[in-house]
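Given the structure of chain C, go ahead and fit chain F with the ligand onto it with the hints provided.
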Amino acid sequence: MSDVAPFTPAVRLSHLGDDVKTRIFEAALRVLADVGASVQHDEAVRLLQKAGCSLDSDGLVRVPRPAVERALSSAPNAFTLYDRDGAAAMELGGHNVYFGTGSDLMWQYDPHTGEHRPSRLDDIARVARVCEALPNMDFVMSGAYPTELDPRGVYAVTFLTMMRNCTKPLVIVAESEIDLGVIIDVAADVRGGRDQLRERPYFLAYVEPVSPLSHPAESVAKLLLCADAGVPVAYVPAPLLGATSPVSSAGHVVQGMAECLLGLVLHQHRAPGAPFMFGVNQGTLDMVSGQPSYAAVEGFMNYLTVVEMAKWLGLPNWGISGCTDSQAIDAQLGLEVGELTLLSMLLGSNLNHDVGFMGFGLTGALEEIVITDEFVSMNKKLLSGIPVQDEDLAVNVIAEVGPKGHYLRHPHTRRYLRKGPGQWRPRLLNRDNRDRWVECGGLDLREKARRKVQAILESEGPPTLDPVLLALAEERVAALKASPKVGSPS
Amino acid sequence: MSTTRHAIIEEIIEAVVEGEPEPVIAGVRRALEAGVDPETVLNDGLTAAMTSVGDMLDRGEVFIPDVLWSAEAMQEGLALLLPHLSEGASRSAGTVVLGTVQGDVHDIGKNFVGLMLSGAGFEVVDLGHDVTAEAFVEAVAEHGAGLLGMSAMLTTTMPVMSRTLQLLEARSLRSGVRVLVGGAPVTQSYADKIGADGWAIDATKAVAVAKELV
Ligand code: B1M
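Protein chains in written order, with my numbering: chain C, 1 to 490; chain F, 1 to 214.
Next comes chain C alone, as it looks inside the complex:
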């Protein structure tokens, strides 16, 4: 059980009938069995063959239905992520909904100067600090790529920075199985051993195959390492609608599912029952600007379908929220962040990343994280549904007040507000009349979010990491950087 009650929406969105879901799944099975895929990792190919797949003369691996069915039956339909201290934090599965940032943004809106500048390591620290302080951010991804650093071992440095600046569970990116191995070692040190890490995973690894239907050696090696270490992994393709997938929504989902499910077959064959997260990223190539949109309505359509398919297959799902195509912290941002985040909540989408993304996954803004947090808070209330006990139906209260009375002084009103469901209170959104709003500085949402970010950054950070652990972690990362096996081919 989680130490914090998970949010599960009472109000839900679902639009596909069983017949439609069956058609989509059957189509994905046909792609797996008839079209096949390129798997660029010899050991993985051998494992897949043992799992019943064939390696054909065209070099492609074909996956038959029973292999997929077996993998689906051994994969857990839920798993838990634990925080830095080892407390259960996220129960991923069912309709539980969690939010967190995305990774690797190359640019940031500087929270102090507002300048658009290349991302740095201290941005990652700030993202972690901000998420730590926000009640509706459940996990942390780097949010930034440290462009000032030598790329060798950069993802291990990123991991360390996140770990130092927050206690919430992490979602990580790694370049290959080599840096991933070091990240696993560091996490195992934190837990006190490999077995303890397996029992209480501290992070989930985000690994991507390449659409269409290609599984590069690095991706597969990371997937297998996660299976071996019992580290939860999301094996999620990012087909871009009309560029690396069919332009039709259903075709996009079918291909994406086939890509993800091949990963599942491999992963479950290697380690039956190991935690695996299903998903298909919802990117859409804007066919005029050529930009990979994160907020195109076609992408949202695919997303609805993918999340429903995950529930139908009984797998925890990888989702997306809190992002925009806007280049500014403006009304477009609010609108797109709101729509996608609300969809995730209505769908009961499990792990929703990319909060704080703007400008097609290239720019980050801490204000956007704070705004999304507020939005999630508000909608947790909305989607919890209305209670309908006698106290809520309030017939006797209506009788007591009667025609032409008012409720302001009735004990029911006070009790309800103070001890009952209360009234949701905004922390950023304006509820002041014009005069008071002007008196308080006439601040818009962007400025209020900026000030909230400042306040968080000025407040005390999370408890520091045990210095012995930190020293050990730094040693491991330094060894990685010095290793001839890693990093950029420069």
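Worth flagging that the hints you see were computed from the coordinates, not collected in a lab. Everything numeric in this text was worked out from a predicted model, so none of it was measured. Any given hint could be a false lead.
To be verified - Computed Cβ-Cβ distance ranges for the label pairs, DEER-style:
#1 F:Gly195 / C:His116: 24 to 34 Å
#2 F:Ser92 / C:Asp58: 26 to 36 Å
#3 C:Glu474 / F:Ser52: 57 to 67 Å
Said to hold, decoys possible - So the derived list for chain F, only partly shown, Cβ under 8 Å to chain C, looks like this:
#4 Leu57
#5 Gly60
#6 Phe63
#7 Pro65
#8 Val105
#9 Ile108
#10 Phe112
#11 Thr155
#12 Thr156
#13 Pro159
#14 Pro185
#15 Asp202
#16 Ala203
Stated by the list, open to error - Below, simulated DSS-like cross-link-like pairs (lysine-lysine); rule was C-alpha separation at most 30 Å, straight line:
#17 F:Lys193 / C:Lys485
#18 C:Lys380 / C:Lys419
#19 C:Lys481 / F:Lys193
#20 F:Lys193 / F:Lys211
#21 F:Lys193 / F:Lys205
#22 C:Lys419 / C:Lys404
Cβ coordinates follow ideal geometry from the N, Cα and C atoms, glycine included.
Positioned in the frame of chain C, the structure of chain F with the ligand alone reads:
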């Protein structure tokens, strides 16, 4: 130009805009039969059509795949026209060796740049993705390419560009080839820093810069 000749040119333009190769070929054939100057067919017909398709894309009136279809239809017409053109006009825009650098699988942008370059008349030798500095340099030598185009989408893989430039230098090939770089993390200042000849923010700009460079 007579009205019939004018009408034929209009038809060619329309067919290119529609991205229909057969009517383009038919149009070019008719134009030649009607005695229209081949360079007029090229400039006022095929090239003008592509310019107008580009403008339409800018205005959001057509989609990227439409442009690719138009470019292909235009190339079909051009193939028919080539033997009739003077040396200067018929010269291909040049050979480009293109690829996404080692360690990087992002190839959508690179493919897009490649399609636009071939649409603009370049011979494109596409090495795919995960291309090593050695492979770039060998391909430049093998194809006698006047232009090398490298794409990198990861900060971790950008250094391959600089390594390739050094290797070109080391093999004494640098002076014979112009180097164009691009991709989301790559900036003009990075291009300058590593000594590349050009940088482009997107595929349309890449064509413009490529044309300037060769
Ligand atoms: C020769 O001259 C020229 C001239 C101009 C040139 C040029 C060359 N090359 C490009 N241009 C320019 O013209 C093109 C056309 O207009 C443009 O090309 P673009 O490629 O920019 O535009 C395309 C038309 C559309 N854009 C794209 O296709 C890229 C979109 C984003 C979302 C993206 C995608 C799709 C993918 N990715 Co990845 N991916 C992201 C991207 C975010 C982004 N906005 O860039 C980025 C680049 N990825 C990133 C990351 C981290 C990763 N990705 C990875 C994988 C993938 C997919 C496989 C899922 C997929 C690629 C599929 C494919 N076949 O290409 C991993 C790396 C794999 C590897 N070793 O390469 C992985 C490490 C993630 C992981 N969990 O493992 C980030 C890089 C961060 C950094 N600072 O390095 C990233 C910015 C997203 C993010 N914020 O996390 C211009 O840049």
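Hint check results:
1. F:Gly195 / C:His116: 24 to 34 Å: holds (26 Å)
2. F:Ser92 / C:Asp58: 26 to 36 Å: The hinted range 26 to 36 Å holds for F:Ser92 and C:Asp58, with Cβ atoms some 34 Å apart.
3. C:Glu474 / F:Ser52: 57 to 67 Å: Holds, at about 60 Å.
4. Leu57: holds (6 Å)
5. Gly60: Holds - the Cβ of F:Gly60 comes within 8 Å of chain C, reaching about 5 Å at its closest.
6. Phe63: holds (4 Å)
7. Pro65: holds (7 Å)
8. Val105: Hint holds; F:Val105 Cβ to chain C Cβ min 5 Å, cut 8 Å.
9. Ile108: holds (5 Å)
10. Phe112: holds (6 Å)
11. Thr155: Holds - the Cβ of F:Thr155 comes within 8 Å of chain C, reaching about 6 Å at its closest.
12. Thr156: Status holds, d = 4 Å.
13. Pro159: With a closest approach of 3 Å, the F:Pro159 hint holds.
14. Pro185: This hint holds: F:Pro185 lies near chain C, its Cβ roughly 5 Å from the closest one there, short of 8 Å.
15. Asp202: holds (6 Å)
16. Ala203: holds (7 Å)
17. F:Lys193 / C:Lys485: holds (27 Å)
18. C:Lys380 / C:Lys419: holds (18 Å)
19. C:Lys481 / F:Lys193: holds (24 Å)
20. F:Lys193 / F:Lys211: Within the cut-off at roughly 22 Å; holds.
21. F:Lys193 / F:Lys205: holds (20 Å)
22. C:Lys419 / C:Lys404: holds (27 Å)
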